[in-house]
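The whole structure should be built from the sequences, with the hints applied where relevant.
Be aware that the sequence shown starts at 1, since it is given in the numbering used here, and climbs by one per residue.
Watch out, some of these pointers could steer you wrong.
[What the hints assert, rightly or not] Derived DMTMM-like pairs (lysine to aspartate or glutamate); straight-line CA-CA distance at most 20 Å:
#  : residue 1 : residue 2
1  : LYS225    : ASP22
2  : LYS17     : GLU135
3  : LYS129    : ASP106
4  : LYS225    : ASP31
5  : LYS225    : GLU135
6  : LYS17     : ASP31
7  : LYS17     : GLU199
8  : LYS17     : ASP32
9  : LYS17     : ASP191
10 : LYS225    : GLU95
11 : LYS17     : ASP218
12 : LYS225    : ASP110
13 : LYS129    : ASP110
14 : LYS17     : ASP106
[Claimed, not checked] With beta-carbon atoms standing in for the labels, derived distance ranges:
#  : residue 1 : residue 2 : range
15 : ARG222    : GLY167    : 23 to 33 Å
16 : GLN198    : SER99     : 41 to 51 Å
17 : TYR168    : LYS129    : 25 to 35 Å
18 : THR152    : VAL194    : 16 to 26 Å
What the hints contain is simulated information worked out from the structure, not anything from laboratory work. Being a predicted model, the structure only gives us computed values, none of them experimental. All residues carry an ideal CB built from backbone N, CA and C; glycine is no exception.
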Amino acid sequence: VVNEVLESDVQRVILEKPCSPDLSTARALLDDLDDRVQMVGVNYTRRYDPLHRRLFSILAEEGVSGGTGHYTAGILNTGSHWLDGLHSAGAVVDEVYASARYGGPDPTPDVSLRLRGGGLVHLHAHDVKEILIYETDLFGPTSRVQLINSGTEGRLYRRAPSAMYSGYHELRQPEVTLPLGLTNPLLPVVDDAVSSVQEGRGMRCSLADAVAVHRVIDGVHRSLKEGSWVRLTD
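In structure tokens, the structure reads:
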């Protein structure tokens, strides 16, 4: 379908997430598009939000060393948004361990992720029937980023000398007001599609980014089946 649309006069195609049901299909589409790949974007809405971009870019500069997250409603659904956020923060997942929590066609497991460089991140699952939650709390060597209230509020902490203990450092929240996030999540996506055509670039969330998310989700499903840590392939 994507190829058929691109044969017309359209300049950009926005794919809903997930862009495909599995990793192999996503990789096949990426290979098939070849040099037309910059014409296709994926609707991971947080990637287009100024608040998320600002905070994740800070972590991308210094590297993610650890953290936690909370989500509901499926690893391929809401969980894929969270994994794309981790990816946009510059983290590369090398190994995955998934523990069954809530089943169904799209399960919602607890997930531990070993990052390239030695970091460890834990994603905690919750029952969507009991609570709707989506939160991120990631650490870098000198900063901490929190996204709460489903991404409408962000907090940035920076390392500073401790006021109580000589020779130590603490993370302090700066006295700044961060831009409001995700008030209307689709508008920034459409705006980026237009501006990417005008600027001759790909969209902020590419098909290659979506493949990176599918790579981790594939590892989650394999870990649930095997009951062990799974090393991801590039």
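Hints the structure violates: just list their numbers, smallest first. 4, 5, 7, 15 and 17
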